[in-house]
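*Asks:* Please build the complex by placing chains X and E on the supplied structure of chain B, with the hints as guidance.
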Amino acid sequence: MQDVVLKSPVAFAQASKKPVNGQVNGMEIALSFADASVEAAHSETLGICDVSNLSRFGVKGPHAADWLTASNITLPAGTNRWTKLDSGSLVMRLGNTEFLLEDQPENGLCQTLSEANVNESGVHKVIRNDAAFIVSGELTPALFSEVCAIDLNGDALEDNRLVMTVIAGVSATMLKQELNGQSVYRIWCDGTYGPYMWKTLLGIIEELGGGPVGFNFYYKIN
Amino acid sequence: MSEFTYGGEYRDMPDPDTCTDKEWAAYVHYRNGAPGLKKEWWYHGPSGTWFIAERDTMTDKISRTYIAGQEEAK
Amino acid sequence: MTGRIAKKRGEWINRDKPLTFEYEGQVVNGYEGDTISSALWAAGIRVLGRSFKYHRARGLLSFANHDVNALMTDGEDTNIRADVWPVSQGMALSAVNTDGGVVKDRNKYIDKLSPFLPVGFYYKTFYKPKSLFPFWEDKIRKAAGLGKVNFNYPRILKPKRYAHCDVLIVGAGASGLSAAVAAAKQGLNVILVDENKQAGGSLTYDFAGDQTTADTLNNLLDEVTSNANIRLITGAYAGGYYTDHLVPIVGVDGITKVRAKTVIVASGVFEQPPVFRYNDLPGVMLGSATQRLINRYAVKPFQKGVVVTANDHGYRTALDMAAVGIEVVAVIDMRRDGAKRDLAEKVTEKGIAVHKGSCIYEVVPASNKMAVKEVVVCHYNEDTAEADPRSAVRLSCDGVAMSAGWAPAAALLYQAGTKMRFDYDVQQFVPDQLPEGVFAAGKVNGVFDLKARLLDGQRAAVEASNYLGNASELITVTNPEMASPSHPYPIVNHPKGKNFVDFDEDIQVKDFINAAKEGFDNIELMKRFTTVGMGPSQGKHSNMNAIRILARIRQLPVEKIGTTTARPFFHPTPIGHLGGRSFHPHRYTAMHQWHVDNGGVMMEAGVWMRPAYYVPAGSHLSASDAVQEEAMAVRQSVGMIDGSTLGKIEVFGQDAAAFLERFYTGKFAGQKVGGSRIAMLLDEAGVMVDDGVAVRMAEDKFYVSTNSSNAATVYREMQRNIQLWGMQVTLVNLTGAMAAMTVAGPASRSVVETLIDIDVSAQGLPDGAYKEGQVAGIDARVMRVSFVSDLAFEIHVPYKAGMHVWQALMAAGKQVGIRAFGTDAQRLLRLEMGHHLVSHDTDGLTNPFEAHSESLVAMDKDFFIGQRSLKIIEKKPLNKKLVTFVLDNGFTGELPKECNLVIENGDIKGRVTSISHSNYLNRIIGFAFVSPEQSKSGSRFQVRTDSGAMVPATVTQAPFFHLLESKGA
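Top line first, the protein sequences correspond to chains B, X and E.
In terms of the numbering used here, the first sequence is residues 1 to 222.
In terms of the numbering used here, the second sequence is residues 1001 to 1074.
In terms of the numbering used here, the third sequence is residues 2001 to 2969.
Same shape as in the complex, but just chain B (with noise of 0.2 Å):
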């Protein structure tokens, strides 16, 4: 693609609330809401944050851990479970046979991967639109009841386990996981229901005293 300048899927969501933008991985997204104090604020009792325009690249098939681990990409051991690079890259096994990987803003690999040719039959790469969210807080265990069924406080999301489950109507994808030392929620959904996703929990989220979250509280970018 040339220098063509993207925009979040969840952005026209995200307009009323007037965020600073900024572009990363060419694609326009929401640096922050306010000043760095209210958003740590957030962050602490209850926040949201679109990273949508992390990079990302989905492969699925029945040889596709064949290929990933031929590419030297360690994979999690059992269905449904995550693990981390040291690069800090996100590699998360959907099911048995289908993987969905993230970037940190400065790496390259699902970039690469993309790239990649692939010559096998049972290795099929996965064109993806995701809708990308990090919420964190005390509050958590309150907003999870309201959204979702399952009960998040037991064992669901320990050992590196994630979970393919509803959150308010919306088939999602979730993990918990430590970023710059607070322990955070990842949620993925299909681009397409972001902006829904983003209201919806943003709503719930300002009704018990949280409030949205820019990429740059995760991510210092400049």
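These are computed hints drawn from the structure, not numbers from a lab.
Bear in mind that the values here come from a model prediction, so they are computed numbers and not experimental data.
Some clues are possibly wrong.
As the list claims (entries may be wrong) - Here are the simulated DSSO-like cross-link-like pairs (lysine-lysine), alpha carbons at most 30 Å apart as the crow flies:
(1) E:K2160 to X:K1061
(2) E:K2909 to X:K1022
(3) B:K199 to E:K2160
(4) E:K2304 to E:K2356
(5) E:K2875 to X:K1022
(6) E:K2346 to E:K2373
*Replies:* For chains X and E alone, coordinates are given in the frame of chain B:
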């Protein structure tokens, strides 16, 4: 909102090349309503997985679930 | 004079926070922590409501939300349960169901008419003369009923939450608290719920003048509140039991849906009234009501009272009253042998007389009929339920505390499928066979002794824990010898009646006798004919007596009578709670913002938001004009539509072509790379489900599109059949990952050519061909299609580039007047082209033969879904055919609508499925089902409009453009 979609009773399809019209019509249109263990198709939306559940229609208890073709697998 | 007692230990009121409110226009004092009724009673107000049918004055009965004597409205909300609803500063309340106030109620005369209004009267009277029935219906509806609906009730969101636990314990009385502590000790995660404002159950009021009960309570509460594994929820009730231990907990601010691994029901029992004449007067109340008043709210139930009891409970009540200085004239014990000596002595020591084998024959009202003046006490024969009036003694008093026994609050147990049995020792239904994972403890389980109850809670907790996989030692509970807590027949017959069984519905003993005489002598029929248990209390204070009365009428043991079904909800639940916050997901395309900014009128198409048409800023186009203009632009120049909502599925693998051959009706094995074919899907019955397009991108890779509304279904069915057929196929659902747009019209090629890097000439990209290239610098999948126009290009790009490509095409087409068109114009354009829409022009029964789609069906294949059924169908004559039609030239008049019927000789032959005026053709065209005989081109048929007019139509060939040649014909 539910994560699961019901996919109807699991029934073996008669061989379309050898069965009679009547047998075929019964397969398409009739369903078994007698109480007892029923095999049912269920679909988990978020992960896109089809599986079969064996459910006792009297007690509504599910005795086991498996991917079609993997009944014997643990 | 105030009925308030000096400060009591553990009282629920806060004397530091006095408040005032209004009731029926009168200012009343109370405290924070009072309920509406406790404050009113403390202020000496006795009439809290008027009964549903006879409009009799009523006061407190259970004071536990087991009756609805005191239902009030505050002007905004109605049917407020005054007995349990907290009073707050400034409330302005009045009783429901009165005409002119609760005291002066103009409908109180109905009570005098009661002999003419026995149960079931409305089945027998007022229906002749028929013309007067509406008059009576209106009168009766106005007189009988509860609160009035406030249609301006504000919208308050009450979110629903989920919660999970190892053990859900319903009821935080002695056994519930004990069970919670024991379960937490086992390491289990506990949710403990109680409908009262504070936990403790009867430990908060049933003292019998003894303070050690309060000590036991405090110790238990300390253990519970200090335990991190126990979540205590008060002021919320368990609404019902649903499969797999799902129990909605209904609180003031919303519902919490608890999914528990096990459930312990420790919900206690409802006190039952003895039945005697005028037992419903204000001032006559259940024994436990007097105890709650005294020990929770520090309110005297009356100044001078009589206790009538058919069990030991009356003695405990008398002791609680004596402890706060209420004069108790006597304890009237309906049992021939009375109570054990030590219990009786506790009472007589206080100077209270005890009359064994006696009953209250009737209560004598004060002159205003709204208070108690005295009671008539007689000898009582337990066997015949008859009093001996010759032995009558009058005792003056201003109130009566009555006790006869208990009925289990077992609704949740019944709903879970518990089999109950009648236990003659406690004269109560108790659980006999509990379903897996469900346990019962305490009084609901027939255990009444306090020590035994505490142990029973522990027993249940251990059983629950073992069910979850632990192996703790079981606990055995033995019930000590005691008098039956419930009396088998606490009924006093009276020739003049008004001895009430169900206070919600004003049902007296003779109503049961009459119902049985009329043949309604089975518990289900008895319930429906008398309406016993059908009021808002749902039989909490009446069902057990009703069963006992019916058993005696039928001369059968109680367990042969059976019980009626207790259904959720345990208490009536506000609809706002049930609504809660519901989720309505929407999907947005990559170009959504553009549509909104350019006047798109957005509508829901399933979960997608799509523009139906555009009204650009500044223009004043009507909807129909906008649609016709958009369609005209496509016919004359070029238009573009956002088709991102199309289902898009990549089908890969060595079996991909073979899979599509089995799945769809067409042939794909030999399809060339770069070609597209129609992908029509049938169900097993041969009914049309979807028609999309399959493009072959490579030997083992297809890109399949489906109708927007069928995307999820087709993807799901593909997955199911791959599994069933065991084929080597991988699917990728790209519906949300790819944006798609169609550029259509005679100038479409010229517009696309300026942005695309491949040859899209007539030879380079013929109709039905597919190529990959770059559009506006973006990798794109391009195919020539002809759905809305002979010349059209469908362009698919990754979602995030959708807006960029769309805007580039709009800019490139500006000088030829490119127009964005919406779904309404699309529907008209495809109609002009003669293309039917599956699920719009076809229905749940339409097969391909009826919809001129035979050419898409390759019957010579080995197998495809629906083939076998089509083989049967093709042997039979067709019932109907889908045809394209046109109305007469220059037609004016009422336009037929979709679904208007095609009628011939008074018979239905079909119906219209699509119809529209086309500016381009200047004719009205459409699709319709007609009989096969009517289906030839040129054939005429009639459509009946909504108003009954018959409109002639002509079957014509598709596409409709030939009409332009014959314009004027």
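*Asks:* Would you list, in rising numerical order, the hints stated earlier that this structure does not obey?
*Replies:* none
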